[in-house]
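Whole structure, please, built from the sequences with the hints as guidance.
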Amino acid sequence: MNRRDSLLAALVASVWGFNFIVIYWGMGEVPPLLFCAIRFLVVLVPAVFLVRRPQVPWRTLALVGATMSLGQFGFLYVAMAAGLPPGLAALVLQAQVVFTVVIATAVLRERPTAAQAAGVLVGTLGLVVVAVGRGGHVPLTALALCLLGALSWGTGNVVSRASGAPGGLGLTVWSALVVPVPLLALSLLVDGPAAVADGLAAFGWEAVVSTGYTAGLASLVGYGVFNTLLARNPSAAVVPWVLLAPVVATVSAWLLLGQVPNVAEGAGGALLVLGALVALRPRRRPTPPRDAQRAPGRTLSSTRR
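Mapping of the sequence shown onto UniProt numbering: position 128 corresponds to residue 128, and the numbering continues sequentially without gaps.
Hints are computed from structural coordinates only; laboratory data are not their basis. Possibly wrong hints are sitting among the right ones.
[Unchecked claim] Simulated restraints, written as ranges between beta carbons of each label pair:
1) G28 with A117: 41 to 51 angstroms
2) V260 with R53: 41 to 51 angstroms
3) A202 with A118: 41 to 51 angstroms
4) P112 with A201: 46 to 56 angstroms
5) A194 with L274: 40 to 50 angstroms
6) Q55 with W254: 37 to 47 angstroms
Because the structure is a prediction, the values reported are computed rather than measured. Glycine included, each C-beta is placed from N, C-alpha and C at the ideal position.
In structure tokens:
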């Protein structure tokens, strides 16, 4: 990657990291599932009328939307509303790397490399450290909900890979078709019509700014730039930049919200990020034997003789 693309990747990862702070700040009195539904409604309209539908079956769009959007962010928003701090949420959500490797091994029969297996073990150890040392201020239920979001994200990665669906802005927009209505229905079922009505009434300027950031900047612009980078650079050079997001989220929560991570959260988060980095390490291409490298020269020489 050249310097410009590296700066763009760092910028997108920073936008995604700060996204956790914006969600926490803007949710307020709005029920989390309703807040998430409104976000994806803004992602969908009017972009669905401007962006071409990717040439994949509708079933693929539905599965990607149900896992990578509805499941991931639905669980994330509920986890944060249940008391999971933004910085810790950003860290735990990176367990998607571990889940992706494990699910791909089981479903796609993709044998993990030694680096991927080591990364899964290190990342799992990091999750255990975070869970054990979470302290009394972080409900275990909130932590479990965030892990379910990471599991849904990892599942979506495998669904997308198995279907051969092209990544990009079109997939982000059109897969959002299956997100707002189920989330609104779940909010009505879980929170009740009165809470939904109160949440809409309490949808103030903070919620509007937060929705604009999460839908416009984090989803549409962020994924548009990120997928452009993937199109012109090796994925192994682009994807690890995502691990900058939890760092930005943790530092931002520390500076702006006064949420200082404890030692166990910091150590477990570091192990989780390290495990993800190891799992994302690209395969080394086997170097051809020296004899094979010299063979063309020998052939040419012998021909000349």
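* To do: Please flag the earlier hints that this structure goes against, numbers listed from lowest up.
  => none
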